[in-house]
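All letters in the sequence shown, in the order written, are residues 1 to 249 by my numbering.
There may be inaccurate statements among the hints.
Stated by the list, open to error - Ranges between beta-carbon positions, derived for each pair:
#, residue 1, residue 2, range
1, T41, L173, 27 to 35 Å
2, L75, G210, 31 to 39 Å
3, D193, A48, 55 to 63 Å
4, P174, E79, 53 to 61 Å
What the hints assert, rightly or not - Taking lysine-lysine pairs in the PhoX-like style, the calculated list, with each CA pair at most 20 Å apart, reads:
#, residue 1, residue 2
5, K154, K140
6, K120, K181
7, K181, K117
8, K117, K154
Since the hints were derived computationally from the structure, they do not count as laboratory data. Bear in mind the structure is a predicted one, so any value in this text is a computation, not a measurement. Glycine included, C-beta positions come from ideal geometry on N, C-alpha and C.
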Amino acid sequence: MDSDSTDLAFVWIAKVEAGDAVAVSHLRGVSQVEAALDTNTLWLRGTAETDELPSELVRLSAQVFRLRPPDGLALGDSEIPVARLPELNWQPLHEVTQPKVTKPVLPGMISQSVRLKLVKSEEDDLEPNVLQVPLSSLVKWVGSAPELRFETLKFAAGYDGSALIWGTPIPSLPGNRFFEKDGVAVPLGQTWDPPIPAVVVAEAMLLAPGDLGVFRGEDWERVEASNFVPVSRAAVRLSAQNPQFGGTS
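Between the sequences and the hints, there should be enough to build the whole structure, so can you do that?
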């Protein structure tokens, strides 16, 4: 993107909390929007051919600036920068907000010497803290549940139209229930054979803080921390509207 182009009225810069990344998905329809991550901040930039911001950007709760070359950030029509844009690695928006799910090369293999399998657990008093449901079910639930009910939960939307809800207490919805410990989730009522501590499994899966490793049968997947956002009506609704998650608008 050429920020010095005279064919454009201005370059806009938006500053969003990284945890609200899902909420920017509706900007995918805006031409040439780029994004960059900087610690806990998601930066967006784009161009406007008139003095008005794209309507999709106005809908977003974000701090918006005009770029005053080379790196000044000004508010409104002011010519005086109030901040500087840090050096960032800009990428197309869809690459930054695209969920990353990593699956093992050898399903169920933690190492060449240890092969895990799931067996029935003798512990029958564990409470589930991860739930997989259709994203549409989560939409309906947050639409009627009080905010207090989901303020401790986070979720990640999947390409298959599902949602992973993580936290307690999980919703009373039909779905696949898991028990998570040290970032590793197994189906409720099951455990590993041989009995390896969850923290060891997490290290073998190369889980970073906030990642979730989910075991299903003989396969597992790693859902990165950046894919999870707090459950809110706005975040769930925007995810459901996103075509990559099975949305229609």
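Do the hints match the structure? See the list:
1. T41 - L173: 27 to 35 Å: Because 33 Å falls inside the window, the suggested range holds.
2. L75 - G210: 31 to 39 Å: holds (33 Å)
3. D193 - A48: 55 to 63 Å: Roughly 59 Å apart at Cβ, these two residues keep to the hinted range, so it holds.
4. P174 - E79: 53 to 61 Å: At 58 Å between Cβs, range holds.
5. K154 - K140: Roughly 16 Å separates the two Cα atoms, so the pair holds.
6. K120 - K181: holds (17 Å)
7. K181 - K117: Distance ~17 Å between K181 and K117 Cα, so the pair holds.
8. K117 - K154: Distance ~28 Å between K117 and K154 Cα, so the pair is violated.
Violated hint for the displayed structure: number 8, the only one.
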